[in-house]
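Fit chain B to the given chain R structure using the hints.
First to last, the sequence lines map onto chains R and B. The opening residue of the first sequence carries number 239 in my numbering; numbering runs sequentially from there. The opening residue of the second sequence carries number 239 in my numbering; numbering runs sequentially from there.
Rather than coming from a laboratory, the hints here were simulated on the basis of the structure. Heads up, some of the hints might be wrong.
Which copy is meant is left open, so a pair is good if it fits within one copy or across any two.
Once the Cα atoms are required to be at most 20 Å apart in a straight line, the calculated SDA-like pairs of lysine to any residue come out as [said to hold, decoys possible]: (1) K272 x V802; (2) K698 x P645; (3) K815 x F563; (4) K599 x Y783; (5) K840 x L629; (6) K599 x G882.
Every value quoted in this text rests on a predicted model; they were computed, and no experiment measured them.
2 protein chains.
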Amino acid sequence: MIQIYLTVGVSLVALAVAALFAYQVLQADRGTPKMQEVSEAIKEGAEAFIRRQYSTIAMLAVVVAILIFAVYFIVGDTSYAWHTALAFIFGAFLSGLAGIIGMWIAVRANLRSAAAARINAGKAVVLALRGGAVSGLTIVALSLLGVSIIFTAFGSDPLETPFLIVGFGFGASFIALFAQLGGGIYTKAADVGADLVGKVEAGIPEDDPRNPAVIADLVGDNVGDCAGRGADLFESTAAENIGAMILGVALFPVFGINGVLFPLVARAFGLIAAIIGIFVVTESSANTGSPMGALNRGYYVTSILAAIFFYVAVWWLLDNNIWFFYAGLVGILLSLAFVYITLYYTDYGHRPVDSIVNASKTGPATNIISGIAVGFETTAVPAIAIGIALLASYWCGLQSGISVETPFGVLSGGLYGTAIATMGMLATAAYILAMDTFGPIVDNAGGIVEMSGESEEAEKRIARLDAAGNTTKALTKGYAVGSAALSAFLLFSAYMDQVANITGQAFAVVNLASVPVFVGALLGAMLVFLFSALAIRAVGETAQYVIQDVRRQFKDPVILAGTVKPDYASCVDITTKGALRNMVLPGALAVAFPIFVGFVLKYEAMAAFLMVATITGVLLALVLNNGGGAWDNAKKFIETGQFGGKGSEAHKAAVVGDTVGDPFKDTAGPSLHVLVKLLATTTLVLAALYI
Amino acid sequence: MIQIYLTVGVSLVALAVAALFAYQVLQADRGTPKMQEVSEAIKEGAEAFIRRQYSTIAMLAVVVAILIFAVYFIVGDTSYAWHTALAFIFGAFLSGLAGIIGMWIAVRANLRSAAAARINAGKAVVLALRGGAVSGLTIVALSLLGVSIIFTAFGSDPLETPFLIVGFGFGASFIALFAQLGGGIYTKAADVGADLVGKVEAGIPEDDPRNPAVIADLVGDNVGDCAGRGADLFESTAAENIGAMILGVALFPVFGINGVLFPLVARAFGLIAAIIGIFVVTESSANTGSPMGALNRGYYVTSILAAIFFYVAVWWLLDNNIWFFYAGLVGILLSLAFVYITLYYTDYGHRPVDSIVNASKTGPATNIISGIAVGFETTAVPAIAIGIALLASYWCGLQSGISVETPFGVLSGGLYGTAIATMGMLATAAYILAMDTFGPIVDNAGGIVEMSGESEEAEKRIARLDAAGNTTKALTKGYAVGSAALSAFLLFSAYMDQVANITGQAFAVVNLASVPVFVGALLGAMLVFLFSALAIRAVGETAQYVIQDVRRQFKDPVILAGTVKPDYASCVDITTKGALRNMVLPGALAVAFPIFVGFVLKYEAMAAFLMVATITGVLLALVLNNGGGAWDNAKKFIETGQFGGKGSEAHKAAVVGDTVGDPFKDTAGPSLHVLVKLLATTTLVLAALYI
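Here chain R stands alone, though its shape is the one from the complex (with noise of 0.2 Å):
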């Protein structure tokens, strides 16, 4: 099949030019050794804590891995067991590689970056931005890649393939959900211990050298923001192939293969496009603008280039039918819209973080109260964009007139339009993904200036850096919230598809009006809550352990007066260890108790509980990633000398806010991205214990 080959050579492209990046990254200037030695600090650290940590999830997948081909043995359909077993260890395996080769290149490109801050702002943006773009473009290539291998593997039977495969959206949403549940953890432990007890009790300045926990808190940047978010969008953008490929097999009748195939080829079209768009960010594009305007540059081509592909693929899979052309031009403009509305929310100039500023004159607690205020608010625009865009899009669909005669009654096009929509959004990912981890990086690079002693000047380039981003990483939030919205949809759909393949019935009405569904949906939404009460309190006990161990160091005096460096390793180690405990009970949580409610209420109730959890996840994600986002930029905003600035009241209590904020942005807001995904792959795997 053409399309197969295509997808294949373009992944294998992607792959070759992500080579080409970390090529030209390793050859870059290494800087001082005091430097490298920082930079090994934190190198030796984040492969440490991702070794223990796949070592453990590893486990965990062979242990679900054959769970679930026992389900599918005992159901007595053993071809399905050994497919689905194979696909989910495969997609696990694959979204760990691809998180292993992302978090590798991100420690070295730190060094590398900060090296070329020295000297030259654009050429540590390029480094950075390529540096992402090998995380990037290695994680859309290895899904797309691992879907198409696995579709032809499995004998690419157009109608009966895709549901052997969806085991490769459930192993990659595994691996995610842990990734990012532990990374988080990791991240924001160390954060908020460091920060208590370096700033607050003892008073140094934030990445001090004297801090034992400086270099866990530098690791853990990478830990959680890019190997974590990395397995997000693997899962993200391996199921919605799947999904959409699902859908493709109801219309069959119109397409035939090609409506199957349609997702892979516009997943590959959106690889080539993301490639041109970084190649678009240039040193002198990022010298002559603001970091952030050579970054946005490089986003909007994307997603003109993305666009136009679109059509080509429409043009070329879908009878130039335009309808499905518009419905993926809804998907791009809503990930544009994402990306402003994040914008307003969460930088200073608008009215939400400025009112947290004005809040802070007042104290912690009216800063908190008007940062949550915040957090809810941002719910508000959001979900009327993405409202807008599932009518749109499915509006689209109707339009195209198509209609097949199925089993169960006739299939409009319209939920073909909305799956199309979410491959307008996700056709930019890897661009979007390199924009993400381009943040660690300049974070990271913002450390490793400042603890080697760099000049005054290094520090203020890095700082504009560490700037843009801090807005990239709250960006490609709202992007991954997004596409999880919008996504969902499809799953929904893949799902009903499969009960009814097993029942052989129609299953197309969740009736929220019949008493089980209903309590189906309300136990759905309250696992969204507690789930991130978990993860939240996990971040605060992991957090207790940091707390334990820099108090420990800062007796001896020698530490606190510089003489003699602490003992980073520990704190490295501790916060391991306690992140790999503490994400145990969460990611128990979120498998094992939508199995239970689906094993006792059934299919109906079950979707119920799924879209309900995926209405509230998404919301409440929104909530927790925007609100700590706004309340990290009010504390940045008086850090430029607003209401006195550094040490006044005023900032006192922005950086309760700030504290507060962190184990919701960077834990239980993303693992609830992931959580959403997950459910649904689940369900999606495991429907026949729900019949």
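Here is chain B on its own, set in the frame of chain R:
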């Protein structure tokens, strides 16, 4: 009809008992002139607020009544138009009347309770509870009387009239929304304003007479906790009655008029149980044990009697079908469960509050993080309890063996089982309300004792009552959330019956798998967050006015020296104006946004909007109420001497948490209960707009 005579008779008896209690309270000792002076100031402030608030609300209500009339007049249903508009006005009037009577006695009982506390704690308990019972009995009796009267006045056709009286419930919830919002904003703006300037900036104690906002703070307890929650439960009982009557219409072939009037009789029996329960709490019983023990004894007696009476009602009106008695028992048990669950999460000595206490050691940030984790966590057990209660009562209904052929298909007794569980839960409403209003009365009494410089012993005595009052207030909120969740199902089905009535077609399916319906659900969940944001922000904005006024007064040195009394009236006036102005935006959103969504997306999407808003609203209300309560008690626990007691760093951190929790638990949380029920009654009344 004997059933109507019975309910009217019991309602009148309950009103007579309320009058007797009022007489007893008014006859009691009024204490020293100094105490009377303080009480007088509270009374004036509260009455001024209520006067202004209810004139504002009355105008809004007239506008809405005209709109309702106009809508149905244009649709061409003149009979429905004037019936509904009249019922709306009548419901609004009675709710307002009940609120005013409750407030009138509360601001008088506080003085008598304070006077009694100088000598005898038991007498103070009895006076405060009977003062609260005036409110509780009046609210439930007027609601019951109102529904009975309007049912009779509108023709008492068992098949038609229930649909004509739905306006009564909408009127009640309209008042409840603004009463709870306005009162909630008032009470917390005054509280936060008084604390921030008084305690934090000037360093004077709480309830210090030198603080200009201290009277406004005491007024707030009455207008928020007493009038607000009263209106909340007035509408609960009214809406539940009407919803259950509509369900009774569907079961007419089985039970005849008895099924329609069962809800009224069950409520009347509940009133008798509550009256006996209140008489059980005597001076000597309150003196021998703890105040809370005496109140609990009354509650248990009420619950047991309610169960017995319920059995009688089922035997009499529902053909002695024992399964409906079991369903009622499920409701009574759920209300007991909610009381214990709320206690566990918000009282110290249990893990949740203790975790906040421990986190206070490391400062305000960790206090807030652990408080929010606790708040999120508190959704779990209540949601599971609600889920089990819904399923169990539904199952009881199915076991009843009832089934009816309707034009739209076969109707089983399942839904009627959930309706009866709701009646069981609300059977104890009058007693619960008496306990609730006990809270602000003893809180005020404490303020009066402190401000008039009474003996330390009297202060200690009243402090114990105040602690019991805090507990009863928390329990009532739990009860209100639980009953909102349970009764919601009743109102959904009433709405769906109403739509079927209008369209003449079956409407039994709310298909969440349809795109517009899913978008409706998404927007419903979003409204809950946005509404909470606006309510919380309204407190912040109103508090700013209070802060400015207190600061202005403190500039005059004679105020802080205590030689000249501050201008209490100015603070009261400013808070009144601020609260009334700031309640408009969230209130208007709550009324207008659902209408807009329903108009655009139509009735099925509207049903999903309503259902998912209910789920999210109930869960977020639990988060806000219990989180706020836990913070409050964490602070109180530290004040008993834990971790250095008052003035320690841990205490300062806990004060921040308490302040953050204030607008959560007393403004946004309680307003959410009302929002959920308002949504149900609005959709019910305006169903014709969504066709």
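key: Structure versus earlier hints - violations, ascending order   = 2, 3
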